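Student: If you read the protein sequences in the order shown, they are chains U and B. For the first sequence, counting from 1, position 4 maps to 32 in my numbering; every step adds exactly one. For the second sequence, counting from 1, position 132 maps to 160 in my numbering; every step adds exactly one.
Hints in this document: simulated from the structure, not taken from any laboratory. All values reported here derive from a predicted model rather than from experimental measurement. It is possible that part of the hints are untrue.
The list treats identical chains as interchangeable, and a pair is accepted whether it falls inside one copy or across any two copies.
Stated by the list, open to error - Listed next, the in silico DSBU-like pairs over lysine-lysine satisfying Cα-Cα at most 30 Å (straight line):
| no. | residue 1 | residue 2 |
| --- | --- | --- |
| 1 | K263 | K306 |
| 2 | K190 | K306 |
| 3 | K45 | K84 |
| 4 | K287 | K190 |
| 5 | K290 | K84 |
| 6 | K194 | K45 |
| 7 | K287 | K84 |
| 8 | K297 | K267 |
| 9 | K297 | K190 |
| 10 | K287 | K263 |
| 11 | K84 | K194 |
| 12 | K190 | K84 |
| 13 | K194 | K263 |
| 14 | K84 | K267 |
| 15 | K45 | K190 |
Read off the chains here:
2 protein chains.
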Amino acid sequence: MRLLLIGFGVVGQSLAKLLLSRSADLYRLYGVNPRVVACVDSHGSAVSSTGLDLEKLLEAKRSLGTVGAYNRSARMHELIELIERADAEIVIELTPTNLDTGEPGTSNIVASMKSGKHVITVNKGPLALAFPSLIELANYNDVKLRFSGTVGGGTPILEFAKRSLKGDDILSFRGILNGTTNYILSKMEQGFDFNAAFSDARLNGYAEASSLLDIDGFDAAAKLVIMANWIMDMKVTIKDVCISGISDVELSDVRRASKLGKAIKLIGKCEDGRLDVKPMELSYTDPICVNGTLNAVTFRSQHSGEHTIIGQGAGGVPTASAVLRDLIDIRNALLL
Amino acid sequence: MRLLLIGFGVVGQSLAKLLLSRSADLYRLYGVNPRVVACVDSHGSAVSSTGLDLEKLLEAKRSLGTVGAYNRSARMHELIELIERADAEIVIELTPTNLDTGEPGTSNIVASMKSGKHVITVNKGPLALAFPSLIELANYNDVKLRFSGTVGGGTPILEFAKRSLKGDDILSFRGILNGTTNYILSKMEQGFDFNAAFSDARLNGYAEASSLLDIDGFDAAAKLVIMANWIMDMKVTIKDVCISGISDVELSDVRRASKLGKAIKLIGKCEDGRLDVKPMELSYTDPICVNGTLNAVTFRSQHSGEHTIIGQGAGGVPTASAVLRDLIDIRNALLL
């Protein structure tokens, strides 16, 4: 399978390392033999029809800051043209999430699918803003669109709901979908006020450039939209979510709840056709009442009861392993 | 698909009701059209090559205590002969678990597979005592053996580990695998001593005939064996598990742990090739530290971190829905 990688940040580099360390495994266990025939980052591109040397690609990024340094004689490529012309079956779209415009992810994904390429993305922007039309475009062009890494990082939340509960109907679900806000709220439980907890999250690398997306609940809302479309067959976008973030949560609220055996958590909820993201009180004994950066979702099913899945919701290697899962999934789907 | 049902207790009757209420669904969504052509309980049998009327079958059981009352003119069938001769593709084996002899489950399963029938079972006995040889027999006869309902009731623990984590390696796992003991230990947390907690469990219907299997850790060990074989590719039986139950757990132990922010739980653990079932202290913040009759398992994977799944580990309808899941799974496997 020939891959075109767009974006070579933490997830992209983790993926390259996983492909290097696991190539024998992937072929033996799943019949997957991936070759990266092109890789693009914000400063340049590297192309090789026989497959890029991933060690050399990582070294170029490390030493000179861009994959463009892989082969200095290469000409500059216009990205959309590269996508359309690349001799690749699968485009792996790893550009950063933008929940206002969805770009550059949306243009990349659309160009890929229109030129007959399957897409794996970890970018929540395009899906949060236009899930229904992207799926329609994928179907129209008879290609697969996969996005395991957008929800739960390496924890297979989407896969669990879609596959493991087959034969049952999911009636509703709710969960902690954002690790940064959960970290901040967990710190507030320990007595930090909001600003101190936020600083601590920054210090530990959990809140970065996009921290407003976290705090204001937009990241959780984007994930909720992806889940509602994929799991519940709803046709919704982020505009359909009623969102409130955690910036108004006071230390006194957290303390009052704590006295009643409860914690305040930022919960994304899909119930009776309604989508909400808001701070809610959860009993300490509720299985989704987890701390630190953990994510947790409870699915309520019609026949088999409630099922909860908990895991780290982020991280380069876990998210890259979700991309691998999608790769295997697409390969299996093509064999059917 | 023609089914032979062996055992018509809580799970069997729940399955009959699910088949009645969901037949249109099952056909529309999964292409499955199940007909029960024979049903056997401890007092009699009912057979119909065109498919039993499940309403009438449930009524016979309800009013006269046995499916033998379905058709009074039917002759008595010798069970093994019935299995061998039945014009059924799938045998659903729902007899009670016996961890000493594995019977009557083992004989039923062996006869089914030898006569070319796929088997779905919720009976832990045969699998705990002879998993490796039963899988070998299934492969030799080119039939499927499925057992989702043996671990986690309706919670798809086996499916999750086997499917949702594909592309990753599970290194170890540990969890609360028995709801009865978890209920008792949760009650002890609330200040009941062991005997009072046990009586309370009985009163609430959580500890019945097989309660010694629960208390002494054998039920958890049986599930651990099934998971170790299926998920970790180990070739083990219940003899390979180092087992200690909860009857020696004192209220004072529970109180001492509680002061340190910990709970005592009966944990099944598979790590470094070792299988253990024993009471262990867990931090209250550990995701598997759940209360009541809940089950919970954490899988540690090589690339995507730790994943926890939590759900009700038992119940007629949930377990019957696990049987349905297996039915769909076998149908899909046959189509490949």
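Student: Taking the hints in turn, state whether each one holds.
Tutor: Structure-based check of all given hints:
1. Proximity of K263 and K306 under a CA criterion of 30 Å is satisfied intra-copy only: 21 Å inside one chain copy versus 48 Å between copies.
2. With identical chains, the CA atoms of K190 and K306 are at most 30 Å apart within one copy only, with a shortest distance of 25 Å there and 34 Å across copies.
3. For the identical chains of this complex, K45 and K84 are intra-copy neighbours only, at 11 Å inside a copy versus 61 Å across copies, given an alpha-carbon limit of 30 Å.
4. In this assembly of identical chains, the alpha carbons of K287 and K190 never lie at most 30 Å apart, being 38 Å within a copy and 41 Å across copies at closest.
5. Proximity of K290 to K84 under the C-alpha cut-off of 30 Å is found in neither arrangement, the shortest distances being 52 Å within a copy and 49 Å between copies.
6. When the C-alpha separation of K194 and K45 is checked against a cutoff of 30 Å, the pair qualifies only between copies, where the shortest distance is 18 Å, while the shortest distance within a copy is 33 Å.
7. Within a single copy, K287 and K84 get their C-alpha atoms no closer than 56 Å, and across copies no closer than 55 Å, so neither meets the 30 Å cut-off.
8. Within a single copy, K297 and K267 get their C-alpha atoms as close as 15 Å, which meets the 30 Å cut-off; across copies the closest is 45 Å, which misses it.
9. In the homo-oligomer, the alpha carbons of K297 and K190 lie at most 30 Å apart both inside one protomer (17 Å) and across protomers (28 Å), since each shortest distance falls under that limit.
10. Taking identical chains as interchangeable, the C-alpha atoms of K287 and K263 are never at most 30 Å apart, the minima being 40 Å within one chain and 49 Å between chains.
11. Taking the closest pair of Cα atoms, K84 and K194 come within 30 Å of each other only across two copies (28 Å); inside a single copy the shortest separation is 43 Å, beyond that limit.
12. When the C-alpha separation of K190 and K84 is checked against a cutoff of 30 Å, the pair qualifies neither within a copy, at 38 Å, nor between copies, at 35 Å.
13. In this homomeric assembly, K194 and K263 come within 30 Å of each other (Cα to Cα) both inside a single copy, at 20 Å, and across copies, at 28 Å.
14. Taking identical chains as interchangeable, the C-alpha atoms of K84 and K267 are never at most 30 Å apart, the minima being 43 Å within one chain and 51 Å between chains.
15. Taking CA atoms no more than 30 Å apart as the test, K45 paired with K190 passes in both settings, with 29 Å inside one copy and 24 Å between copies.
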